[in-house]
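Undergrad: For reference, the chains in residue letters:
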Amino acid sequence: MSTATAPRTLFEKIWDSHVVASEPGAPTLLYIDLQLVHEVTSPQAFSGLRRRGLSVRRPDRTVATVDHSIPTLATAVPDALAAAQIATLEKNATDAGIRLFGTKSHDQGVVHVLGPEQGFTRPGMTIVCGDSHTSTHGAFGALAFGIGTSEVEHVLATQCLLQQRPKTAEVRIEGTLQKGVTAKDVILALLAKIGVGGGTGYVFEYTGSTVRNFTMEERMTLCNMSIEGGARAGMVAPDDVTFAYLAERGIDKTELDASVKIWHTLRTDPGARYDHTITLEVSDLAPMVTFGTNPGMGVQVTGRIPDPEHVSEPAGKSTLKNALQYMGLTPGQAVQGQPIQVVFIGSCTNGRISDLRAAASVFKGRSVAKGVRVLVVPGSRAVKRQAEAEGLDRIFLESGAEWREPGCSMCIAMNGDEVAAGDYAVSTSNRNFEGRQGRGSRTFLASPLTAAASAVTGTLTDVRSLA
Amino acid sequence: MSTPAHTVPAGGFRPITSIVASVPAANIDTDQIVPARFLKITDSAGLGEHAFEDFRRNPDGSPRADFALNRPDRTGAAILIAGDNFGCGSSREHAPWALKGAGIRAVVSTSFADIFRGNALKNGIIPVVLGAADCAALHALGNSDTQVTVDLAAETITWPGGSAQFRIDPFARTCLLQGVDELGYILKHEPAITAFEQARAAAGGKA
Ligand code: SF4
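Sequence order for the protein chains is A and B.
Reading the first sequence from the start, the letters are residues 1 to 467 in this note's numbering.
Reading the second sequence from the start, the letters are residues 1 to 207 in this note's numbering.
Bear in mind the hints are in silico, worked out from the structure with no lab data behind them.
Quantities reported herein were computed from a predicted structural model and do not represent experimental measurements.
Misleading hints may appear alongside valid ones.
What the hints assert, rightly or not - Label pairs and their calculated CB-CB ranges:
#1 A:260 x B:177: 44 to 50 angstroms
#2 B:161 x A:464: 55 to 61 angstroms
#3 A:269 x B:200: 18 to 24 angstroms
#4 B:64 x A:25: 41 to 47 angstroms
#5 B:206 x A:364: 41 to 47 angstroms
#6 A:385 x B:133: 56 to 62 angstroms
#7 A:260 x B:133: 53 to 59 angstroms
#8 B:158 x A:421: 42 to 48 angstroms
#9 A:464 x B:170: 49 to 55 angstroms
Even for Gly, the Cβ is constructed at its ideal location relative to N, Cα and C.
Make the full structure from the sequences, and use the hints.
TA: So this is what it looks like as structure tokens:
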């Protein structure tokens, strides 16, 4: 093949090696190595299979977990609708012989926390899930993206997906982060720069010194929110950091060593061309928070709420005006000092052990401010166990925060964990859309450090200002 | 393997002619199209009721009279004129299911989020991308009884005083026009899929 010798991007290498068929006038038929399913976006796909008399082609390439609608209080029972949805997933998975991380599993967790942590996510794979934050798995140098329920059915039936080849963009991030500034702040800064539609039609490959110095968990936070810029997938070429993480996943040593040889080739060749390049310098970056109703509306915590009168373009002006009206914020007001009522620490963006450690480092020896409710929700049961082994749960509880069972919880507010209308929440999740955390809820997206710092002061706070 | 049923009625996709409803806000995400609290279902029935729920109803459940889809003069509107970057956010196919349930069969915008666009087409909702001037002209029809026609076969949208060409992915378009479903098409590639898996196994990988 002549294409094998031409320089290729990481994306192109993975794409090319998964093409099953490519007919003129049709999208490429792409082989999918791993499909993750959860209770909300899969029941209709399984029903569709049954209607057609089809079965799951590769249960061994499918993994199921419950996360979105489960309660996070050990004593709570899900409402009737959620219970039916959970039971449906558990039955569908069991009937099809799909590995299930159900309500009784020792290792259940949020799908994008569980996949990497249990060693399912590997470099070079194609990974899909009926969930837009599937982009998270790209941190391993996999091509991972969210799909709709019809496509979930296609993959269950055939292990393949019809896909138009996306364009590629290099997102080059350079610089050393200041203390108190995290991967979450980097992705929020990128989104503030490119907007929520800036990556539409593209797959991002994150490169540059900042990304190379990130841990796997930081890379996951970064890739997780690619979709918030419109890019269905974000990826980082695998390196020794990746291989070291995988070596701890219980993968057979011989298998791992053989794989690492192949994984070393998963990088963009010198001279390969991206369709687009975005650069971000982060040495001077301060912690970021969003102030509006989409993740692209972010500012440095040291800054001020922007003024719609300074936006010349009419659509942008009215979008900003509406957002500030919904958020109840005044143009020009300082970000710091804005009162808050709720803090949520968790989600597939920031619900991993390093995130909980970061939050705990702030809570240690401090108390949650009066009138503030803090929910700490580990991303999985494995994360919960680890946190408890390290005594983080006690730090949270002693400071006045609630320590919950794993799940999506207040990120999507399907399970009863929600923010009351009009209340302000600092959330380590990924979406600040109107009503995302409960009808009328007002969300400030931020890092675990910023969320914890705001919890102890009761206002939006620069963690670096805490004594 | 059984012959798959067609999800789109045979006989294909005819032009859609109706009045339009205008929802001009930019970046309408899928949480706005159907909030997550309505996703605790195992089918797709009844979602039309909750399309744009938080725009449509006050917290006490009473309808908001000024929202486009609630207005009596918009009854029967099958074409939604939306703001830029429509359908961003989650991958939920519940969004097009809700729109379809609310009678929407085409959405016009200056751009769509990728996952939403694919989900819409799979449910027979046409995502029509037009330039800003054409979109503005169509938004202006949101208070009139002017009929607008979206013709998928010709890839045209026409209204009194204007018309524009749009592009739909040719494969999705053919599927809709001919009533072919995508899964049926993929299933025809069964031998290629098996060959792919065997070649991998032969190369020492997991089949
Ligand atoms: S934590 Fe939030 S974003 Fe992540 S999978 Fe759950 S609901 Fe989706």
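Undergrad: In ascending order, which of the hints set out earlier in this document are inconsistent with the structure?
TA: none
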